[in-house]
Amino acid sequence: MQMKYLAGSVAIFVGLLVLGWTTQGTGIVKDDPERNIVIPDELTSELQVKATYDGEKIWFRYRWPVDRPSLFNDVLVYRDGEWEKRGGEALGPNPDFLTEDRVAMMIDDGSVPLFGRYGGYITIGDGLTTFTGTPETDEERTKYLPSTRENPNDFDTVKPESDLETLRAAGQFIDLWQWRSSRSNPIGLGDDGFVAEERGGDAGTGPYTTNWDKATSQPKYMFNPDVAGSTALQIDAVIAGDVGFNDTYYLSAETAVPFDPNYAWKNGDTIPRRYLRQTDGSRGDVVQPKKARWRNGFWDVTLVRDMDTGNTLDDKIFKDGGNYDLAFAVFRNASTMRWHYVTLPVSLGLEQPAQMVAERIEPGTEPGWTQPWTEIKTFYPGQVTWGRLTDARQHPGADRIAARVPVAVRHSEEQLALYGVQMEFADEIRRQWIWTLIASLGLIVGLGININLLMRRREEVK
Amino acid sequence: MSARIKTQNLQMNADEDDQMKHSRFIQQGRRIGLAAAALTLVATGAALAHSEGGGVALAVEGEPAWSLSPVYHILVAHFPVGLWVTAYLFILIRTFSDSTIAVQLQKAIWPVAALGTLAGFVTYGLGLTIYPWSAITESPLGRNHILLATWTLSYWTVMSVLGYRFRRHLFDGAQRWITFTLATVGALVITITGTLGGSLTGTPSLVTKSLSWIGWNVYNTFYLPTWMLVVYFAGAVLLVAIGIKGYRAKPSLK
Chain A
1 MQMKYLAGSV AIFVGLLVLG WTTQGTGIVK DDPERNIVIP DELTSELQVK ATYDGEKIWF
61 RYRWPVDRPS LFNDVLVYRD GEWEKRGGEA LGPNPDFLTE DRVAMMIDDG SVPLFGRYGG
121 YITIGDGLTT FTGTPETDEE RTKYLPSTRE NPNDFDTVKP ESDLETLRAA GQFIDLWQWR
181 SSRSNPIGLG DDGFVAEERG GDAGTGPYTT NWDKATSQPK YMFNPDVAGS TALQIDAVIA
241 GDVGFNDTYY LSAETAVPFD PNYAWKNGDT IPRRYLRQTD GSRGDVVQPK KARWRNGFWD
301 VTLVRDMDTG NTLDDKIFKD GGNYDLAFAV FRNASTMRWH YVTLPVSLGL EQPAQMVAER
361 IEPGTEPGWT QPWTEIKTFY PGQVTWGRLT DARQHPGADR IAARVPVAVR HSEEQLALYG
421 VQMEFADEIR RQWIWTLIAS LGLIVGLGIN INLLMRRREE VK
Chain B
463 MSARIKTQNL QMNADEDDQM KHSRFIQQGR RIGLAAAALT LVATGAALAH SEGGGVALAV
523 EGEPAWSLSP VYHILVAHFP VGLWVTAYLF ILIRTFSDST IAVQLQKAIW PVAALGTLAG
583 FVTYGLGLTI YPWSAITESP LGRNHILLAT WTLSYWTVMS VLGYRFRRHL FDGAQRWITF
643 TLATVGALVI TITGTLGGSL TGTPSLVTKS LSWIGWNVYN TFYLPTWMLV VYFAGAVLLV
703 AIGIKGYRAK PSLK
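Chain order of the listed sequences is A and B. Residues 1 to 462 in our numbering are what the first sequence spells out, letter by letter. Residues 463 to 716 in our numbering are what the second sequence spells out, letter by letter.
Derived from the structure by calculation, the hints contain no laboratory data. Just so you know, these numbers come straight off a predicted model, no measurement behind them. Check each hint, because a few of them may be wrong.
Ranges between beta-carbon positions, derived for each pair [as the list claims (entries may be wrong)]: (1) B:W595 - A:T209: 46 to 56 Å; (2) A:K85 - B:V533: 58 to 68 Å; (3) A:T22 - B:V565: 48 to 58 Å; (4) B:S596 - A:S162: 37 to 47 Å; (5) B:G660 - A:D280: 55 to 65 Å; (6) A:E460 - B:V669: 37 to 47 Å; (7) A:G241 - B:H540: 51 to 61 Å; (8) B:A497 - A:E460: 27 to 37 Å; (9) B:G677 - A:G297: 21 to 31 Å; (10) B:T663 - A:G241: 44 to 54 Å; (11) B:S596 - A:D163: 46 to 56 Å; (12) B:W595 - A:G133: 51 to 61 Å.
Glycine included, each C-beta is placed from N, C-alpha and C at the ideal position.
Work out the full structure: start from the sequences and follow the hints.
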């Protein structure tokens, strides 16, 4: 009889262990729009990069997977006499695909402390826009460098202008190249910016402006019917992805005319909310040799810039034989803001040993792109701040950061993605884990009591 | 020799056997106690000797804190792991063999397991000194290591008590299969705890990867959904109830 009890008890115990194993990790991690939490379906992805230079110019070519390209960002849709804004910023992926695809590259020449070891993590302060708990304000709270703040973890403690100028002159800024599928690609441009006391655009004119007249609450431009075939697109066709590269889908000097308020607008008429224009100044340094196209499930984008732009306070200057640190971000599946995929820092050598080696070509020739791709894993970073990472009370590896141990030594991209997600539910997971600890300990104690009561010595058997 | 004298002689022999057994147990107990004390002394000595300069000073707001380098935890962790795995090996041999050597090994099971448990407590304590509690419980891998270490320690405490109380009877009749099953679960939790410790220090093993093949990526915190917590508490109560009910029933190994 005891054997039946014993066997039954062990079966219950092992069964509960198996049941616990199969159900563990469920019930907490899920989208919570109230707290700005949306978890991407894929936590990691891939980016391929290669680079070439000729002594005057440097080219970077990027290739990354996108199931459906997003050719539009924000648009204006006519509805019952009003023009409504749709798309652009969204929590997580935009279901209407009205958020553009993007690639961004941060560049440093070794001037920014720790960037080469921790990449973009150093730029993530507490309370940035879209972070859980950050109130919505008109002012965007962008990424910044810790050295630009009196308290590196406090966005509002910006150092005096004179200090910022000193830092900038010392090279304490990150060069930021961007390519946008909607706001720069249609006219073959990139966008040149920086990360210092904020993430911003270089001096000059960027590749887009807002197609909206606040005074009249109407668009400034509409499609030129002689070029586009009509004054507007249809929102249903835009959302369905029926508007493609062969259509006129963007506004620029070649495709737009001033808005006609007297036109017989119909519900569903759609006009891009951005007007594309030629760049000038330092902001216009990064361009495309030709417009990028999405083919066979991949964006294939090339950006080019003068190695020495002369804008030393905006741009990192590339020198033959030099070594640089890069970090990338890819925006895919119609996502923007912090719903991007980032990379760990990648070293770049101009004909120098590095993770990615830029090949030198003859001056005046075009890149042949014969070298192999550098395969780089991208991952969803969650809301992990630099303040948290460097606080020994919150991060067991804070002492490793203090010892300047590179992140890649201790963490893989997959690990960081999983940690990023769990950090968004830190309190809930920790509480549930403690209860799991207590419950499982109770189960083991229960088993111990059970077995001690049921086991028999042979002489006890009558 | 009369029957009465025979009975007296048998009684005297039995008393001597009991005294000898008692003496052996005391000697064994002394040896285990000395070994455990020595182990604790060595670990504590190493810890104290290196707590200044050898550890990592952490600036924690409000009160000073200190930590020990993980090397001491890693060093001492080999003792419980080695001892528990040895105990499991002996259980394995005894389960499948009634040979003289298997029976001899069986006598070492509970002392080895108990020594492992004592070393386990030292290891567990040293492990908790490495990082501030608030930090290590923010790390999914840290949480998992603590969870599995707690399971391992509590589980082998249970096994040690069982071994001490039932000794050779662990292998009486069909009870040997219960012993074997329980010990196998114990060996599994030791393995997982060890591999999590390796992952925590930046050296993940094939075991780490293989766990993800069977449903658990160790970089995700192991936690149960609330309904499962209730089931676990109910399961604990049920196991105790079954034990009490079985204890009151007529004993039988058949």
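Results for each hint:
Between W595 (chain B) and T209 (chain A) the C-beta distance comes to about 53 Å, which sits within the given range of 46 to 56 Å. Range check, K85 (chain A) to V533 (chain B): about 59 Å between beta-carbon atoms, so the 58 to 68 Å window is met. Between T22 (chain A) and V565 (chain B), the C-beta spacing of about 40 Å breaks the proposed range 48 to 58 Å. Between S596 (chain B) and S162 (chain A) the beta carbons are some 39 Å apart, a value that agrees with the proposed interval 37 to 47 Å.
Checked against the hint of 55 to 65 Å, the pair G660 (chain B) and D280 (chain A) passes, with Cβ atoms roughly 56 Å apart. Our hint of 37 to 47 Å for E460 (chain A) and V669 (chain B) holds, since their Cβ atoms are close to 40 Å apart. At roughly 60 Å, the beta carbons of G241 (chain A) and H540 (chain B) sit within the given window of 51 to 61 Å. For the pair A497 (chain B) and E460 (chain A), the supplied restraint of 27 to 37 Å holds, since their beta-carbon distance comes to about 31 Å.
Range check, G677 (chain B) to G297 (chain A): Cβ separation about 30 Å, and the 21 to 31 Å hint holds. Between T663 (chain B) and G241 (chain A) the Cβ separation comes to about 49 Å, which falls inside the hinted range of 44 to 54 Å. Checking the proposed 46 to 56 Å range against S596 (chain B) and D163 (chain A) shows it is violated: the Cβ atoms sit about 33 Å from each other. One distance hint, 51 to 61 Å for the beta-carbon pair W595 (chain B) and G133 (chain A), is violated here, with the actual separation near 24 Å.
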